[in-house]
Structure formats: structure tokens, C-alpha cells
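Number of protein chains: 2
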Amino acid sequence: MFHHSLVLSAIFLLPNKKGYKMNKTLLSFTVIAALSIGANAMEKCAQGKYGGDTKKEMKTAMTKSYYKLNDKGELIRPTDYRTWVYIGTPVTPNDLNGGHAAFPEMHNVYIDPESYKVYKETGKFREGTIIVKELVSVGATQAVSGKGYFEGEFLGLEASVKSKKDFPKEPGNWAIFTFSDMKTGILKDSAPVMPSDKCVSCHQASASDDFVFTQYYPVLRAAKGFGKGNPEDTAKRAIQKMKK
Amino acid sequence: MFHHSLVLSAIFLLPNKKGYKMNKTLLSFTVIAALSIGANAMEKCAQGKYGGDTKKEMKTAMTKSYYKLNDKGELIRPTDYRTWVYIGTPVTPNDLNGGHAAFPEMHNVYIDPESYKVYKETGKFREGTIIVKELVSVGATQAVSGKGYFEGEFLGLEASVKSKKDFPKEPGNWAIFTFSDMKTGILKDSAPVMPSDKCVSCHQASASDDFVFTQYYPVLRAAKGFGKGNPEDTAKRAIQKMKK
Chain A
1 MFHHSLVLSA IFLLPNKKGY KMNKTLLSFT VIAALSIGAN AMEKCAQGKY GGDTKKEMKT
61 AMTKSYYKLN DKGELIRPTD YRTWVYIGTP VTPNDLNGGH AAFPEMHNVY IDPESYKVYK
121 ETGKFREGTI IVKELVSVGA TQAVSGKGYF EGEFLGLEAS VKSKKDFPKE PGNWAIFTFS
181 DMKTGILKDS APVMPSDKCV SCHQASASDD FVFTQYYPVL RAAKGFGKGN PEDTAKRAIQ
241 KMKK
Chain B
1 MFHHSLVLSA IFLLPNKKGY KMNKTLLSFT VIAALSIGAN AMEKCAQGKY GGDTKKEMKT
61 AMTKSYYKLN DKGELIRPTD YRTWVYIGTP VTPNDLNGGH AAFPEMHNVY IDPESYKVYK
121 ETGKFREGTI IVKELVSVGA TQAVSGKGYF EGEFLGLEAS VKSKKDFPKE PGNWAIFTFS
181 DMKTGILKDS APVMPSDKCV SCHQASASDD FVFTQYYPVL RAAKGFGKGN PEDTAKRAIQ
241 KMKK
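As they're listed, the protein sequences go chains A and B.
Just so you know, we're using the working numbering here: the first sequence kicks off at 1 and counts up by one.
Just so you know, we're using the working numbering here: the second sequence kicks off at 1 and counts up by one.
The hints are simulated quantities; they were obtained by calculation from the structure and are not laboratory data.
Possibly wrong hints are sitting among the right ones.
Copies of the same chain look alike in the list, so a pair counts if it fits in one copy or across any two.
Unchecked claim - In the EDC-like style, the derived pairs of lysine to aspartate or glutamate whose C-alpha atoms are separated by at most 20 Å in a straight line are:
id, residue 1, residue 2
1, K68, D233
2, K198, D181
3, K72, E121
4, K147, D95
5, K236, D181
6, K169, D71
7, K241, E74
8, K224, E74
9, K241, D181
10, K241, E153
11, K124, D181
12, K165, D71
13, K236, D80
14, K228, D80
15, K72, E170
16, K224, E153
17, K224, E170
18, K241, D189
19, K147, E74
20, K198, D233
21, K228, E74
22, K68, E158
23, K236, E153
One chain only, chain A, in its complex shape (with noise of 0.2 Å):
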């Protein structure tokens, strides 16, 4: 539509052999709709309508939301998060664990891409900051590499949500909400607070940074503070250990 009033437009500003001769009412109709257009553009650049690079996206969208909760105060499923910013990969599997381990998945952890920029030039969890963590079974535990830990079969759906507004007597403001329904393999719609005493506490006693385990995500750590470009683009790494 855009692109066809632009073409429309230009027709009507096309010289004749008599200059620019153009009905005055036409003339101010094309003009008024040109910057109706050129408004229109701006806004849906603005709303995030257009395409973009992600370094420009997350400059546009300084303040968007990535959580939004019903009006039950329940946590809406996260959707489309398999392109946020992917944090880490802990795994306690069962067979280390006694056969009963707490938490038996491996878990893929991303971060909502505005608050991973945000944590990037502040070193801080913005108000509004969402974490999700996506459970897999442990799937080969062999494999042409060696012996080890393979992702399987997605299981389950969690999530963190740091907010003030929101859980201001939640610990660190942070509440933690589950998806998963191991036993129908359907995650639910929307989930409400988990009792901080079954996650919370735990994350508050032992996570290196507001509640978050920043010791297990060396994702977070080379982007805290930061600044403006990407940590992963620096050529410098650690040096292999060789412990046997």
C-alpha cells in the first residue's frame, strides 16, 4: 500500500512540458497523503513493523516487554523464545544422581534479548528482565564423540520474571513460574507464582547474581558491564585446563 501511494504520487509530479502543472487540490492531497505515508513508515519502524538488524531492533525497542501476565496475574507462556539470547546448559543428570535427581533434564536457558543488552551496558537484571528455561531429557548418553549427555525430547516450560511492579514481595522482586506438566507432555496456557519457598529461596541463598546462577552461565558473565559491542566478537579466551 505504502509503496503504491509513493508511485501514484510521483506520477502526478512527473513534468510536463508546461513544469510542474498539477491541480492545486490534487497537489495538496498528494502531499498530505505522502506525509501520511511517510508518518505511517515512521510509526510502524517505531511499533517494530519492519525489518531490522538486531543491534538496531534492541536500540528501537529500549523499553519493550517480553512478559505479559492475564488478568489473573498469572505468567502468559513465553512464546518465540528460541531466539532470545540462549545463556547455558546446566545438566544433573539421574544416572549421576543416584538415580534421583532433582532436577534430571538438561535445561536450556535463554534471556529475553532487550534485558540481555540492558544486562550488557549495566551489568544489572532490568525491571521486566525474563528467564526461561527449557527442559530436554537427557537423550544419547553415547555417541560417536564419546560417552556423555545428549539433548533428547523436549519435556517442560520454565520461566523467571523480575519485576517491581509486578511481585514487590517477591525475594529480589524475581518470581519463578512452571509450564511443565510431565504428565500429559501439554504445557499449560499460563502459570501462576510459585511459592518462593520452592525455588526462590534456593536461588536466593546460592545464585551468583540477583538470584540468577551466573556461575553456570559464562554467557552472562562476559556480558556483564560490558558495554556497547558483543563480548563473543573480543578474539580472547580462557586457557584450557588440563586437569588429568
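Guided by the hints, dock chain B onto chain A, whose structure is given.
Just chain B now, kept in the frame of chain A:
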């Protein structure tokens, strides 16, 4: 600049008591300015110079390439990949492999977002697919959550690229590169194609889908041929099997 010009143009159009009165030359100028602003905005949007959500970004970036070779035909070290699409983390640690694992690190693996989108829609790895493997040391092996493997420090970086144009002689047109230097801990800025018998041959023999070990990457299995939406938005998950 865009915004200022629009405001300026709008002032010219403010109705006065005699209606829309405006010098013809000025009016023509305004039309042209408004149109050029609109066209400029459209062009910038098409080029991805404005913010956008991921779906639209992908739509406009249909042919965007995420890898670049230098004049020696070496792959320039990829950048910004921690915001690409994460696909999985296999771990085959030393302590499960007699102290000498072939791949002792945890491997965080990412695919470029455009190739993820094409894989999601067509089920194929497109010409120009780049997959990056970030090598992370095994850090802690004991945490409050139990015994297991937790990511430590970044050690190295490898990549594979599928391109018939650039690698016509490689099996499956996949070329593999390593930027790692485990002695210095400093990644190389560019890397030559690895001899195909060092990596590609094993991928050819054992990987499930076109040299990629999708059997260990549920993100890719869920995405393969899924279509336009996001596989993670569906509620269906697997049901946990109790092994022990």
C-alpha cells in the same frame, strides 16, 4: 532528520484563514521532500536500518549471508553469534572418557537466524548455512542442584559452512573451520578449511541430516519443515520416560 522534515512539512500545510495557502514552489518542494522522505524511510526499512521483530527481520533478510571469506578463501571469524539461534549443547567430558575425551568441552551450538528460518520452512540447510560451535570448559561438577556438568569458561570457536558456490569439492559442500588456539587462548581472526578427513567424514557417516547431528539437536528436529510459526509456541511436549 526524517522526523524533523515531516514536522517542517506539516507546518507548511497548517491551514490559515484563507485555507491551505502556500507558495507553489514551496508546495512542490514539500511534496518532493515528503516523497523522498517516505521513499528513504521505505528503503531504510528494507535495508533493515530500523528496528523490527524477528519474524519480519527474517522476512526482509531472505538472502542475508552470515559468513564471509577473506581473499585467501579463509573464513573470517563469525561475530555476534551469541544472538543467533541456539540449537544444542552436547557434553562428552574427560571424566566419562578415561581422562582423554576427544571433545572434552561443552559445545554450545548456534545456527544463523536466516538459515534457521529456511530450515524451519523447507526442512533443508540452505546454501550459505553457517553453524557455529562455541567450546566451553566443563566448570563445576557439583552444585546445589546435584552432580553434573556446568559451563565454565569459553575456550574456542569452530564453524561449519555449507556452500556449493564456495566449497564445490567438499563432501555435501560443507566446510569446517577452527579458530581455536588452546595454547594461547586467543582466537584466530580467520581460518582455512579443515581437511575433510578430520571432521566432515565423521559428520558424513554419523550425522542424521545433511552432515548435521540433528539427532542431538531437538531445536532443529522441532523446526525441520515446521512452516511459518515457531515450534516452541505449541503446547505439546514429550512425556518423560522414567528410566530408573
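Verification of the supplied hints:
1. K68 with D233: Between copies, since 15 Å is at most 20 Å while 33 Å is not.
2. K198 with D181: Close inside one copy (17 Å), not across copies (43 Å); limit 20 Å.
3. K72 with E121: For K72 and E121, the Cα distance exceeds 20 Å both inside one copy (34 Å) and across copies (36 Å).
4. K147 with D95: both (13 Å within a copy, 9 Å between copies)
5. K236 with D181: between (42 Å within a copy, 10 Å between copies)
6. K169 with D71: Within one copy only: 18 Å inside a chain, 59 Å across chains, cut-off 20 Å.
7. K241 with E74: Classified as neither: same-chain Cα gap 45 Å, cross-chain 29 Å, threshold 20 Å.
8. K224 with E74: neither (30 Å within a copy, 32 Å between copies)
9. K241 with D181: Between copies only: 13 Å across chains, 41 Å inside a chain, cut-off 20 Å.
10. K241 with E153: between (32 Å within a copy, 10 Å between copies)
11. K124 with D181: Neither, since 32 Å and 32 Å both go past 20 Å.
12. K165 with D71: within (15 Å within a copy, 54 Å between copies)
13. K236 with D80: For K236 and D80, the Cα distance is within 20 Å only across copies (15 Å; inside one copy 32 Å).
14. K228 with D80: between (24 Å within a copy, 12 Å between copies)
15. K72 with E170: This pair counts as within: shortest intra-copy Cα distance 17 Å, inter-copy 57 Å.
16. K224 with E153: Classified as between: cross-chain Cα gap 14 Å, same-chain 31 Å, threshold 20 Å.
17. K224 with E170: Intra 24 Å, inter 40 Å, cutoff 20 Å: neither.
18. K241 with D189: neither (45 Å within a copy, 23 Å between copies)
19. K147 with E74: neither (41 Å within a copy, 33 Å between copies)
20. K198 with D233: For K198 and D233, the Cα distance exceeds 20 Å both inside one copy (38 Å) and across copies (26 Å).
21. K228 with E74: neither (34 Å within a copy, 28 Å between copies)
22. K68 with E158: For K68 and E158, only the intra-copy Cα distance (14 Å) is at most 20 Å; the inter-copy one is 37 Å.
23. K236 with E153: Only across copies: K236 and E153 sit 11 Å apart there, 34 Å inside one copy, limit 20 Å.
Comparing the model with each earlier hint shows violations of hints 3, 7, 8, 11, 17, 18, 19, 20, 21; every other hint is respected.
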